Each structure stands twice: as C-alpha cells, then as structure tokens.
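Novice: Working from the sequences, and respecting the hints, build out all of it.
Spelled out, the chains give:
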Amino acid sequence: MADQGIGSVSENQAGARKLAVEFKGDGLEYFKIWIVNIVLTILTLGIYSAWATVRNKRYLYSNTYVDDSSFSFLAEPLTILKARLIAVGIFILVTVVGGISPAFSVMFGLALIIAIPFFINQSLAFKMRNTGYKNIQFRFAATYGEAFKVIYLWPLLGMLSLGLLYPLAVLKGVQYRANNTAYGTTKFEFNGTFMDYALILLAAAGLGLVAAIIVAAVGQPLGAIVVFLAYLAVIAYVIVATSNMLYLRLQLKEHGFDSNMTVLGYSKTTLINIVLIALTLGLYLPAAQIRMIKYVTSCITVNASGSLDDFAAAEQENVTAFGEEFGQVMDFGV
Amino acid sequence: MSPPSVKSLVRSWTSESRPPVITGYYSDGKTSGRVTARLDVASQSPAMLVLQDVDNNTELNRSDLADIKISSRLGDIPREFMFTDGGLFVSPQNQQIDDMLKVLKGDSDLSLLHRLESHLGLILGSIVVALVVSWLTISQGIPRAADAIANNMPAVVVDQFDTQMAVLDRTLFDASKLPDAEQERVRQLFQPYLNQHSQLNPKLHIRSGIGVNALAFPGGDIVFSDDIIQLVKNDEQLVSVLFHELGHLQYRHFLRRTLQDSMVVMLLLFLVGDIETLDLVVGIPALLADLSYSRDFELEADQFALEQMHRNGLDIDAFGAMMELLAASQQDEQQNKDQASGYDFGALEGFLSTHPKSEDRAAMVEQFRNELL
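In the order they appear, the protein sequences are chains S and C. Going by my numbering, the letters in the first sequence line up with residues 2 to 335, in that order. Going by my numbering, the letters in the second sequence line up with residues 16 to 388, in that order.
One or more of the hints may lead you astray.
Among the chain S residues that face chain C by a calculated CB cut under 8 Å, a handful are [said to hold, decoys possible]:
hint: 1; residue: Ile34
hint: 2; residue: Val40
hint: 3; residue: Ile43
hint: 4; residue: Thr45
hint: 5; residue: Ser70
hint: 6; residue: Glu77
hint: 7; residue: Ser306
hint: 8; residue: Leu309
Below are the DSS-like pairs computed for lysine-lysine, each with C-alpha atoms no more than 27 Å apart in a straight line [claimed, not checked]:
hint: 9; chain 1: S; residue 1: Lys83; chain 2: C; residue 2: Lys84
hint: 10; chain 1: S; residue 1: Lys58; chain 2: C; residue 2: Lys45
hint: 11; chain 1: S; residue 1: Lys128; chain 2: C; residue 2: Lys45
hint: 12; chain 1: S; residue 1: Lys58; chain 2: C; residue 2: Lys248
hint: 13; chain 1: C; residue 1: Lys84; chain 2: S; residue 2: Lys128
hint: 14; chain 1: C; residue 1: Lys45; chain 2: S; residue 2: Lys254
Pairwise CB distance ranges (calculated) [claimed, not checked]:
hint: 15; chain 1: C; residue 1: Asp184; chain 2: S; residue 2: Phe105; range: 22 to 32 Å
hint: 16; chain 1: C; residue 1: Thr99; chain 2: S; residue 2: Leu94; range: 33 to 43 Å
hint: 17; chain 1: C; residue 1: Asp91; chain 2: S; residue 2: Ala217; range: 53 to 63 Å
hint: 18; chain 1: C; residue 1: Ile164; chain 2: S; residue 2: Phe105; range: 43 to 53 Å
hint: 19; chain 1: S; residue 1: Ala313; chain 2: C; residue 2: Gly140; range: 40 to 50 Å
None of these hints come from the bench; they were simulated from the model. Source: prediction; values computed, not measured. Backbone N, C-alpha and C define an ideal beta-carbon position, used for all residues, glycine too.
Specialist: This is the structure:
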C-alpha cells in the first residue's frame with residue numbers, strides 16, 4: 002500500500018489531510034446489474050425486488066471511497082422483503098376498506114399524520130444503521146417531538162410568517178438530520194445558522210425577481226421560456242447551495258467537510274440525464290444515477306485532522322425496515 | 016489498493032491445489048482502525064482460513080470457512096469477509112477470491128448472479144424482456160385484471176364509489192342558467208332512454224361552470240352542461256352524448272380506471288424497487304398509461320353509443336356529427352390557449368389527451384356502419 006492515496010490525498014501539515022470522496026462505479030456495469038434485477042423481479046412477481054434493492058445499493062455504497070476504504074450497505078434482503086410485504090398489505094387494505102368506508106379513510110389519514118414523524122425517524126435509523134464504513138455502522142436517533150416539529154411545526158411557522166421564518170424551518174430540518182446522526186458513537190455536529198439559510202433563500206427570491214423583470218421586458222412568447230429556465234435555475238441553485246452549506250458547516254469531532262458544487266455543473270448533469278432517460282425509454286436511468294453520484298461526490302472533500310482510526314462502534318441495535326418501506330409505499334419523502 | 020501483481024495472477028490461474036493468498040484491509044469492528052492483512056488457507060479439509068497482519072506477521076483472526084459470511088460478487092466492488100467475532104476483512108481482489116473459493120468449495124454456483132450480470136446476450140435479452148413484459152402488462156394484463164375485479168366486486172363495495180352530487184355542486188358545478196322549460200324539454204327527451212337502462216340507475220343533472228361537457232359518475236349521476244345543450248344542432252346529437260355517458264356507466268369505467276391506475280403505480284414501484292430518486296421516471300409512464308386507458312374507455316363508450324343509437328332507430332350519423340362539433344369547440348378553446356402561450360402543442364396531443372383523436376372516432380362510425388351492412 003505504498004502508493005496509497007496518490008491523487009486522492011494531499012498533505013499540507015502534520016496530520017491535516019484533504020481526502021477526496023471518490024466514486025468508482027461505472028454506468029454500464031451498474032446498468033447490467035440493474036436490468037438483471039428488473040427481469041428477476043418480473044419473473045418472481047416482485048418478490049426479488051428486495052434482493053434487487055440490496056444489490057443496487059451495495060453497488061452504489063461499495064463504490065464510494067474515502068481514504069481508500071469504501072462504504073457498505075448492510076441490510077438483509079429478507080428484512081426488506083418482510084417490511085415491504087407488510088407495507089403493501091396495509092396499502093391494499095387501506096385502499097379497499099377506504100373505498101368501502103370514507104370514514105375509515107379519514108381516520109387512517111389522521112393516524113398517518115400522527116405516525117409520519119415516527120416512521121421518518123425509523124426510516125432514517127434503518128438507513129444509517131445499515132450504512133457501514135471501516136466496519137463501523139452509522140446511527141440515527143431522534144425523538145418523536147423533534148421529528149414532529151421539523152415536519153409540521155417549523156414549516157407551518159414559515160408559512161404563517163409569510164416566509165420570514167422559512168430559513169428557520171430549513172435550518173431545523175438540517176439540524177434534525179445532521180445532529181442526530183452519528184458515526185459509531187461519535188455524533189455529527191452541524192453549525193449552520195439562520196443567516197446562512199436566510200441568505201440562500203433571499204438569493205433564490207432575488208433570482209426569481211430578476212426573471213420576473215426579464216419576462217416583463219421581453220413579453221410573450223419568449224417570456225414563457227424565461228419562466229421555465231428561471232424555475233429550473235432557482236431549484237438548482239437552492240439544491241446546490243443547501244447541499245454545499247450542509248458540508249461546509251458539518252463536523253465530525255475535529256474533522257470537517259467541504260463541498261463545491263456549482264449551479265452550472267449540477268444543471269448540466271441533470272439536463273443530460275433527463276434527455277438521455279427520455280430518449281432511451283428509461284433505460285438510461287441507472288447510468289444517470291451514476292453520473293449524478295459521480296458529480297456530487299467529486300465535489301465533496303473530507304478535511305481530516307489526524308487519524309480517522311479511532312471512532313468507536315456503537316452498541317448493537319435492531320431497527321426494522323418497516324418504517325422505510327412503509328414510507329416508500331405511502332410515498333412520503335424524508 | 017495496489018492491483019494484484021502478475022505473479023499472483025499467474026499463480027491463481029495455474030495452481031489448482033494451492034489457492035492464492037488474498038490481501039486487503041482488516042477492521043475489528045470495535046474502532047474504525049484498519050490494518051493491511053493477508054488471508055491465507057490454513058487447511059483445506061476442513062476448510063480453515065487464517066488472517067495475518069502484513070506488517071508484523073501476527074495472527075488477526077482464524078475461522079472455519081463455513082463460519083465466515085462472504086459477500087457475493089457484484090460488479091467489481093470489494094468483497095467482504097465477516098468473521099463471527101465481528102471482524103471484517105475487505106479485499107478488491109475478486110478474481111483471486113473466486114479462485115480460492117472454487118478450490119475450497121468446488122462450488123461453481125457461487126456467483127450465479129454475477130455471471131448473469133456479466134453475460135452480454137443475457138443483458139440484451141433482459142432489455143427486451145423488460146420492455147415487452149412492461150408493455151404487455153400495462154396494455155393487456157392490467158386492463159383485463161381490472162375488468163375481472165370490477166365485475167366481481169361485491170355490490171356493497173361498488174356502491175361506495177358513488178359520487179355525492181351535493182359535494183360536486185358545492186365544489187365543481189354551478190346551477191344551470193337555462194330556462195326551466197328548456198331543462199324540462201331535455202328531461203322529457205332523455206326519459207325513455209334512461210328508462211331503457213334503469214338497471215344502471217341513471218339520474219340526469221343539468222349544471223353550468225364546466226364548459227362544453229357531459230360527465231358520468233359512478234352511481235349513475237349524469238351531468239350535462241348548459242353549453243353542450245346549447246351547442247347541439249338537433250336532439251339526436253344530444254341523445255348520442257347521453258348514450259356515450261351511459262356507456263361509461265355500463266362498463267364501469269370510473270371504477271376500472273381507478274383500479275388500473277393504482278395497479279400501474281404498483282407495477283412501476285415494484286420494477287424499479289425504489290421511489291426515492293425516481294419520481295419523474297415513475298410519474299411520466301404512469302400518466303401516459305392513465306391517458307391511454309382513458310382513450311380506450313372513450314372508444315368503448317362510443318361503441319356502446321352507436322349500438323344504442325342503432326337499436327333505437329336513431330341516425331348514427333348524428334353521433335359522428337356530434338363528435339365533430341365537440342372537436343371543433345375544443346379546437347377553438349385550444350387555439351385560444353395556444354395563442355395565449357404562443358406555442359402549438361398539437362403534435363403532442365395524441366399522447367397527452369384523455370380523449371381519442373376525432374379522426375379515430377369518425378373512423379369508428381364508418382366501421383360500425385360497414386358492420387351493419
């Protein structure tokens with residue numbers, strides 16, 4: 002391992018290293034895995050989908066390297082299958098019974114609103130617990146109250162304040178995800194502020210305003226194109242800026258992170274992907290996923306300060322996949 | 016990780032009896048530390064592996080092969096050897112590992128999935144199978160399944176899909192602005208035909224606020240808009256619309272479309288397995304499938320209307336004329352929209368429309384006439 006890290010590590014002073022996040026996956030290789038997964042899923046009437054998910058995720062996780070070690074996806078297909086069957090069963094039950102009794106649908110809807118924070122906690126816990134790096138698992142643990150506030154209360158306050166408190170809602174959301182995540186027993190720390198997000202959202206609003214002025218100036222039909230482009234630009238800007246901010250303000254013990262995604266780079270990747278997916282009837286999808294992951298990881302660096310070797314493992318725990326699978330079937334995003 | 020040396024590759028290919036030595040990293044699972052390690056065969060029967068620290072030649076772990084959980088080959092991602100005490104050995108030397116396992120286990124099924132995933136002909140076959148099966152399921156399987164389910168659904172379930180006119184009146188419709196006498200005349204005109212299909216429990220409502228339109232809701236509510244009543248040139252044309260709507264009720268289109276749409280979403284979800292990144296990709300095919308189903312149902316209702324017109328001795332050309340009237344009125348609306356936006360979306364219309372093209376419907380009238388002769 003004498004040549005370790007050439008191209009991926011640069012040393013500037015004692016113990017301080019900038020480590021690149023490298024993605025070594027290949028679009029064609031992933032496509033082959035993906036298409037075989039789909040056919041086996043068809044032939045097994047959906048049962049294989051759990052194994053397919055595990056194989057896809059293993060490929061993506063294990064091709065992501067930091068400091069010459071890759072991540073691992075650790076979930077067992079059977080765990081996912083069981084959770085998926087239960088979730089689909091509930092979905093069918095609710096659809097059928099809901100058709101018979103509208104009152105049941107209303108009650109189920111209310112119960113779901115109350116249960117969603119719990120499921121999102123479960124889902125993140127499952128995802129983190131099944132992510133490994135150097136044989137140490139990640140963890141996620143948050144209270145129901147925290148999740149409830151992040152999902153309902155802060156966004157509601159943002160709306161009621163006509164957007165003034167919306168940066169707070171975004172900040173609380175990122176804090177909820179980052180500060181409750183740990184690598185082994187070591188918690189991540191997120192130091193972003195209200196101002197960080199206020200500036201991002203202000204810039205996005207400014208971008209929208211500029212677009213509106215241009216539309217007024219050029220008139221129809223050119224204005225329609227401007228509206229469309231501005232819409233994409235604002236979305237791309239918010240995604241890029243918030244994603245960069247997350248890494249910039251994130252810490253794991255004395256180690257920091259950095260991310261320098263650009264609106265141009267992100268938009269280019271997205272547009273190429275959308276066009277190729279459309280032209281290939283969806284067959285380009287796995288390669289598109291790889292292209293996006295390659296771009297995002299190429300922008301991230303880990304600013305390691307000293308050794309990455311002394312993170313301790315957390316105690317064993319079991320989280321069922323149900324929260325995650327139920328969330329997927331009911332289609333609430335995290 | 017350095018690539019395997021030529022020497023070790025040659026050894027792994029030539030020696031069947033002496034399995035290759037594997038190098039990689041070992042982490043004990045207690046901390047994130049790792050050491051460079053060498054995995055070697057301690058004994059072949061029973062198969063026993065030993066793991067040594069490369070730097071100081073101390074033994075890190077030792078175990079029966081059967082007790083080690085070895086991850087399956089997948090692309091070229093590193094292989095993981097999980098020991099029972101939680102220690103993990105990781106190595107990217109996939110070929111050497113496969114050779115070693117072949118010698119120890121004599122087991123060629125070890126990486127069946129990997130071989131499927133590397134076989135070019137199989138991949139091409141898979142693409143064809145995936146496309147054909149998806150297409151057949153969406154165009155044939157799902158409509159048939161929905162039809163079977165809709166026809167065998169207990170009445171008590173079907174009744175629950177009944178629309179509440181009171182709710183629609185509050186949200187969607189405005190009261191009719193036609194004179195009472197005109198409304199009464201339409202009711203009188205429709206009554207004999209409604210009676211013919213009393214098993215569908217049809218109830219006529221006249222409303223405004225929905226443009227040129229006629230709608231049928233599960234449970235038997237049929238809504239005619241003021242505008243469509245004013246658009247028609249004669250009574251036979253209006254009756255042809257009534258029959259079209261009765262066709263929707265007869266074939267339970269509302270129920271079947273609901274069933275079919277949910278089945279398509281379920282299918283796509285199962286195929287791609289994961290909706291996190293795929294909202295767009297699942298959303299577009301689901302929408303296109305829904306629109307295609309909608310067009311099929313419209314043609315089925317057209318067919319029903321023609322049959323009923325013929326049975327009642329009405330002029331089937333009134334149906335064709337009505338379709339042209341509708342198409343013309345929609346074109347007017349569309350042109351207004353196009354002018355507002357400055358673009359012509361006509362080319363996309365075929366795929367993105369809930370209703371069949373008027374040429375297709377006219378051809379249908381022609382075909383029906385030919386069948387009668």
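Novice: Need the list of violated hint numbers for this structure, in ascending order.
Specialist: 4, 6, 7, 12 and 18
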